Amino acid sequence: MNFMLKSYMLLFCSGIVLSTRGALVVNFNPNPWSNSNPVKISTLKQQSKTVLHNEHPVFLVNVHNSSSKRLFATVKLEEFNKVKIPEASFCLRTSVNIRTKNGTLKADPLPRLNKEQIISIPGGESRQVWLEFDASKLIPGQHDYTLNIQNINNVPVIQVPLNLRILPLASNLKPDLLVWDCSLRGTEGETRELLLTELVSSGVNIFHSICEIPAKFDDNGNMLGIPDFKELDQIAKVLKPHARILLLRAANLFKQRKHRSKHKGYLKSVSGKLIAFGSPAWKTALSQWAQAVSKHLAASSFPNSKWAFYPYDEYLGSGFVTFAKTVKAAVPDVQIFGNPAGRSSQQYLGTLASKKLIDIICPTAARYYAEKAERVSLYKALKNSNVRKLFYFAGWPQKDFSPLKMYRAQSWKALAWNTNGWGYWTATGVAKNLWGGSPWDDYDNPRPNPESLYIEDGVVIPSRRWRAVRAGVEDYALISLVRQKATTATAKNTIKNAIAAVMAAPDNYKIYASQRQKMIDLLMQLEGIKK
Amino acid sequence: MTIIIPLLICAVNMDWTFKPDMKDWETKNINGKIEAVQLQGSTCIKLTTTSARKNFTVIRRQINDVKIGDKIEITAEAKADTSRAKLVISGGFKWGEKVNGGQYVEKKYTANYIWTKLRIVVKVKKLPLYVNLGIYKAKNKYLLLKNVSIKPFLGNIASKSELKSTKINLPGNLPEGNWEQIITENKGSLSKTNNGIRLLADTADSWVALRQKHNKFKIGEEIIFSAEVKAPTENAQLIVTDGFIWGEAVNNRPYHKTKHSGSGEWEKLQARLTVSSNMVCVGLGMSRGCAKQWLEARNIKITREREIIPSQVKNTETRLQKCAKNSENPLKIRNYCKKTLIELRKRFAAFKQAEDTQMITCLKSLRKTLIKAETPVFVSCGVINPEKIKLDSEKSIQIEIYNISRAHSIYMKINAPGAKIKEIDPTSKTKFGLLEGSLFQVPDAEPAILEISANQNVICELLPLDHNSGDAYRKFTIQKWR
Numbered sequence: 001m002n003f004m005l006k007s008y009m010l011l012f013c014s015g016i017v018l019s020t021r022g023a024l025v026v027n028f029n030p031n032p033w034s035n036s037n038p039v040k041i042s043t044l045k046q047q048s049k050t051v052l053h054n055e056h057p058v059f060l061v062n063v064h065n066s067s068s069k070r071l072f073a074t075v076k077l078e079e080f081n082k083v084k085i086p087e088a089s090f091c092l093r094t095s096v097n098i099r100t101k102n103g104t105l106k107a108d109p110l111p112r113l114n115k116e117q118i119i120s121i122p123g124g125e126s127r128q129v130w131l132e133f134d135a136s137k138l139i140p141g142q143h144d145y146t147l148n149i150q151n152i153n154n155v156p157v158i159q160v161p162l163n164l165r166i167l168p169l170a171s172n173l174k175p176d177l178l179v180w181d182c183s184l185r186g187t188e189g190e191t192r193e194l195l196l197t198e199l200v201s202s203g204v205n206i207f208h209s210i211c212e213i214p215a216k217f218d219d220n221g222n223m224l225g226i227p228d229f230k231e232l233d234q235i236a237k238v239l240k241p242h243a244r245i246l247l248l249r250a251a252n253l254f255k256q257r258k259h260r261s262k263h264k265g266y267l268k269s270v271s272g273k274l275i276a277f278g279s280p281a282w283k284t285a286l287s288q289w290a291q292a293v294s295k296h297l298a299a300s301s302f303p304n305s306k307w308a309f310y311p312y313d314e315y316l317g318s319g320f321v322t323f324a325k326t327v328k329a330a331v332p333d334v335q336i337f338g339n340p341a342g343r344s345s346q347q348y349l350g351t352l353a354s355k356k357l358i359d360i361i362c363p364t365a366a367r368y369y370a371e372k373a374e375r376v377s378l379y380k381a382l383k384n385s386n387v388r389k390l391f392y393f394a395g396w397p398q399k400d401f402s403p404l405k406m407y408r409a410q411s412w413k414a415l416a417w418n419t420n421g422w423g424y425w426t427a428t429g430v431a432k433n434l435w436g437g438s439p440w441d442d443y444d445n446p447r448p449n450p451e452s453l454y455i456e457d458g459v460v461i462p463s464r465r466w467r468a469v470r471a472g473v474e475d476y477a478l479i480s481l482v483r484q485k486a487t488t489a490t491a492k493n494t495i496k497n498a499i500a501a502v503m504a505a506p507d508n509y510k511i512y513a514s515q516r517q518k519m520i521d522l523l524m525q526l527e528g529i530k531k
Numbered sequence: 001m002t003i004i005i006p007l008l009i010c011a012v013n014m015d016w017t018f019k020p021d022m023k024d025w026e027t028k029n030i031n032g033k034i035e036a037v038q039l040q041g042s043t044c045i046k047l048t049t050t051s052a053r054k055n056f057t058v059i060r061r062q063i064n065d066v067k068i069g070d071k072i073e074i075t076a077e078a079k080a081d082t083s084r085a086k087l088v089i090s091g092g093f094k095w096g097e098k099v100n101g102g103q104y105v106e107k108k109y110t111a112n113y114i115w116t117k118l119r120i121v122v123k124v125k126k127l128p129l130y131v132n133l134g135i136y137k138a139k140n141k142y143l144l145l146k147n148v149s150i151k152p153f154l155g156n157i158a159s160k161s162e163l164k165s166t167k168i169n170l171p172g173n174l175p176e177g178n179w180e181q182i183i184t185e186n187k188g189s190l191s192k193t194n195n196g197i198r199l200l201a202d203t204a205d206s207w208v209a210l211r212q213k214h215n216k217f218k219i220g221e222e223i224i225f226s227a228e229v230k231a232p233t234e235n236a237q238l239i240v241t242d243g244f245i246w247g248e249a250v251n252n253r254p255y256h257k258t259k260h261s262g263s264g265e266w267e268k269l270q271a272r273l274t275v276s277s278n279m280v281c282v283g284l285g286m287s288r289g290c291a292k293q294w295l296e297a298r299n300i301k302i303t304r305e306r307e308i309i310p311s312q313v314k315n316t317e318t319r320l321q322k323c324a325k326n327s328e329n330p331l332k333i334r335n336y337c338k339k340t341l342i343e344l345r346k347r348f349a350a351f352k353q354a355e356d357t358q359m360i361t362c363l364k365s366l367r368k369t370l371i372k373a374e375t376p377v378f379v380s381c382g383v384i385n386p387e388k389i390k391l392d393s394e395k396s397i398q399i400e401i402y403n404i405s406r407a408h409s410i411y412m413k414i415n416a417p418g419a420k421i422k423e424i425d426p427t428s429k430t431k432f433g434l435l436e437g438s439l440f441q442v443p444d445a446e447p448a449i450l451e452i453s454a455n456q457n458v459i460c461e462l463l464p465l466d467h468n469s470g471d472a473y474r475k476f477t478i479q480k481w482r
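From first to last, the protein sequence lines stand for chains A and B.
Numbering of the first sequence is given in our numbering, commencing with residue 1 and proceeding in unit increments.
Numbering of the second sequence is given in our numbering, commencing with residue 1 and proceeding in unit increments.
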């Protein structure tokens with residue numbers, strides 16, 4: 001009996017749920033991105049997906065225990081024709097409920113199952129089995145799997161059929177993706193490797209380093225010797241293969257510190273004299289320091305096009321302009337990054353863009369949503385400039401944010417708004433848990449933890465939100481590929497309509513699924529691949 | 001209640017009585033009848049609809065002497081046998097004409113055959129302004145009109161000149177002190193019931209209320225005025241004002257008001273206020289527009305928040321203890337405690353600022369109780385929550401972890417660096433690893449059984465992922481075998 005026939009017979013016999021054996025009831029979750037608690041859902045839909053060769057498709061299965069006692073079940077994935085599935089090509093996870101600062105219970109962390117692949121299901125409750133594939137580790141073509149779920153104290157097995165079609169096409173047209181504080185959270189060794197792999201595989205390509213580059217200056221601002229590049233070298237070495245852009249907060253040294261009433265400048269000479277912000281000595285110091293940094297990074301295979309200064313956070317004001325003018329005068333092609341957050345920063349944006357004093361802008365997403373007049377002025381300011389455009393969001397308690405609306409939808413927004421990419425605060429937090437205590441506990445700090453990765457020694461656990469980020473990045477890459485290949489007005493219109501449909505309902509999984517399928521169909525049609 | 005009296009009060013002030021020739025009134029009649037009738041010596045207008053399905057019978061009149069921005073109050077006394085009988089105020093068009101962008105306010109009469117005064121307060125936005133009275137789409141129904149009055153709106157409660165306040169003594173179980181009984185132009189009454197009081201408003205003009213002034217509260221104190229109220233109208237309300245007396249026109253002073261839902265059932269109403277002046281006024285009553293409506297109140301209380309917090313805390317603690325003993329539904333208690341804690345947390349900063357040590361101690365005690373209730377409970381070799389456990393000769397121990405804080409399963413995390421941990425299925429005795437990140441599940445009805453093996457001393461930490469208080473973790477040490 002062929003696989004499909006077997007699958008349909010199984011569905012026919014099982015009624016509205018996919019399959020039942022004893023107390024266990026198994027069905028597909030209609031929305032893998034809902035972080036609400038898993039419940040018994042009586043929805044039946046055959047699960048088949050068609051994906052590109054470098055994507056990570058996800059299947060989500062609910063296992064419900066209809067008895068009053070806790071049951072343990074093994075979960076095993078098998079290919080229909082018993083071909084051994086490469087271990088690196090799939091991963092079985094489950095969702096874990098965690099209480100957020102708002103008091104809601106969210107199924108956010110997605111830890112791997114244990115080695116024995118056993119899940120426990122309390123009486124009357126449901127558990128999720130999250131199955132994710134790495135299509136790049138599989139051969140393109142049709143793959144028919146069964147997910148076998150079996151009560152460890154009973155023989156009958158529940159077989160859940162899954163069909164995965166991998167196209168012989170891949171897209172590397174991924175958006176710029178920035179997650180803040182990528183000092184890799186102060187991690188070391190194996191944890192650092194795991195974290196970097198997780199970040200890179202999810203599409204992070206703009207890294208933000210908070211490392212310092214200290215230097216010594218005399219009273220006239222002349223640099224004495226060379227800056228201390230030790231910290232920078234360490235991080236640059238790790239990030240070099242993965243970074244599209246490296247953002248350096250190192251220019252902190254030269255920032256204007258208005259809030260410090262005792263002195264206006266922060267920079268001090270070796271003799272202890274304060275070098276005032278914007279003074280000739282300050283300009284000399286910054287120019288020489290910027291030249292040294294640029295030269296050093298170029299020697300470490302980081303040309304000026306691959307990194308940028310990030311002098312101020314959420315601010316584009318007179319201080320920013322002074323900084324940018326001085327740096328650009330010293331090293332004209334060095335890049336400068338700015339992320340305006342307030343309305344007051346907006347007025348400087350046009351000036352900075354027209355005078356080519358800013359190279360990468362990343363305003364808050366709210367600025368794009370702002371009233372029409374403001375949006376028009378923003379676009380006007382940027383339209384004719386070669387500025388790299390991103391946008392970002394931040395906030396908390398992030399565990400309560402909708403994975404679809406707040407994370408996956410951002411890539412669609414980037415497509416709709418024609419930006420190079422987007423970013424958000426934050427996936428990893430910074431070293432020493434500065435942002436709101438442990439990710440496992442929203443109550444150990446006045447502010448809830450905003451991270452979307454659960455990091456500890458030797459373990460990096462993704463959250464559902466983080467996986468939604470990756471799904472969004474893959475949507476962006478797919479649509480960009482289709483855009484590249486589409487030449488007819490009809491095809492271009494289909495793409496436009498798909499983006500508009502998702503933008504109109506950013507929290508509706510059915511819309512994402514249907515529009516994505518349309519894009520896959522269009523790509524297959526354009527490439528002459530049979531359905 | 002803060003009332004702002006406009007400096008320029010509009011000039012309109014009219015009482016329109018009807019005459020047999022319906023002078024000054026315009027009529028529109030589709031399948032109906034409009035006639036003047038004499039009732040008790042005065043002329044009334046009777047509008048009757050016939051059996052035709054499409055009917056519209058209306059009389060209307062323009063209000064002169066008003067300008068845009070005026071706030072006026074229109075009262076029309078009538079009785080009807082249909083709720084499709086309406087008083088409509090239309091600005092910029094006549095009711096029945098199709099006009100876009102006009103001003104439209106309506107109120108419906110009740111089909112109770114009782115003389116009723118409908119009152120509409122309207123701010124003029126469009127001119128000309130019309131008063132329309134009529135029936136739309138009702139078969140064989142009538143509307144009998146007595147009079148219409150139009151005057152400037154001075155506020156929902158009476159102006160100072162109208163007030164006639166009397167000092168009264170309330171029944172014994174009500175707060176002591178001098179209460180003022182306020183009934184405008186004697187158009188209402190106050191009576192004592194067995195448990196409390198009953199207020200009755202005779203006409204739509206009546207403002208019937210009780211109020212009490214206080215100067216005993218300290219600045220910064222949080223006071224709560226509460227009462228159990230029963231009323232069939234949403235205009236029944238309870239109020240606490242700060243720095244002004246309810247009923248007086250004062251601008252920019254704080255107050256807090258709570259309204260009854262109008263269900264006619266007993267409801268607990270509560271108004272809170274942080275005192276910022278030397279004079280506080282509490283009030284209970286019905287604002288204008290409640291013809292023939294009543295209000296009953298009992299258990300009227302004025303309390304300082306700090307007087308009730310200790311009892312709230314004690315109550316919460318007792319319930320949490322019951323929860324720990326499984327003698328009460330944990331979920332219900334959790335919700336109650338969470339609500340209490342959130343309320344109290346809001347006040348914590350204020351008490352801290354005021355250096356109110358008694359309150360701070362009280363709230364800290366509650367926090368500790370809550371943490372205690374959410375901290376995981378485990379049993380090893382029959383001992384509950386041992387601080388130290390010695391590994392056996394097999395270099396392992398078994399612990400049973402219980403979920404006493406939730407009515408559903410919860411996830412926990414165990415940090416035990418250097419130790420190997422396995423979970424055990426109690427039925428099949430199968431051993432298997434924990435989820436990534438040392439996570440495991442604890443059902444509500446049975447314990448999770450863990451086997452911990454180590455070659456050295458290990459400090460273990462159990463953290464529930466489902467908790468509402470900080471520091472809800474349990475630490476214990478595993479000591480190596482010999």
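Source of the hints: derived by calculation from the structure; they are not laboratory data.
Source: prediction; values computed, not measured.
We put the beta carbon where it would ideally sit given N, CA and C, even for glycine.
Incorrect hints may appear among the rest.
Unchecked claim - Cut-off 25 Å, straight-line C-alpha distance, at most; resulting in silico cross-link-like pairs (DMTMM-like, lysine to aspartate or glutamate):
#1 A/K115 / B/E317
#2 B/K372 / A/E87
#3 A/K115 / B/E461
#4 B/K368 / B/E305
#5 B/K422 / A/E231
#6 A/K101 / B/E317
Stated by the list, open to error - Computed footprint of chain B on chain A, listed as stretches where at least three residues anywhere in the stretch have a Cβ under 8 Å from a Cβ of chain B:
#7 94–102
#8 119–132
#9 463–469
Query - Hints violated by the structure (numbers, ascending) - result: 1, 2, 5, 9
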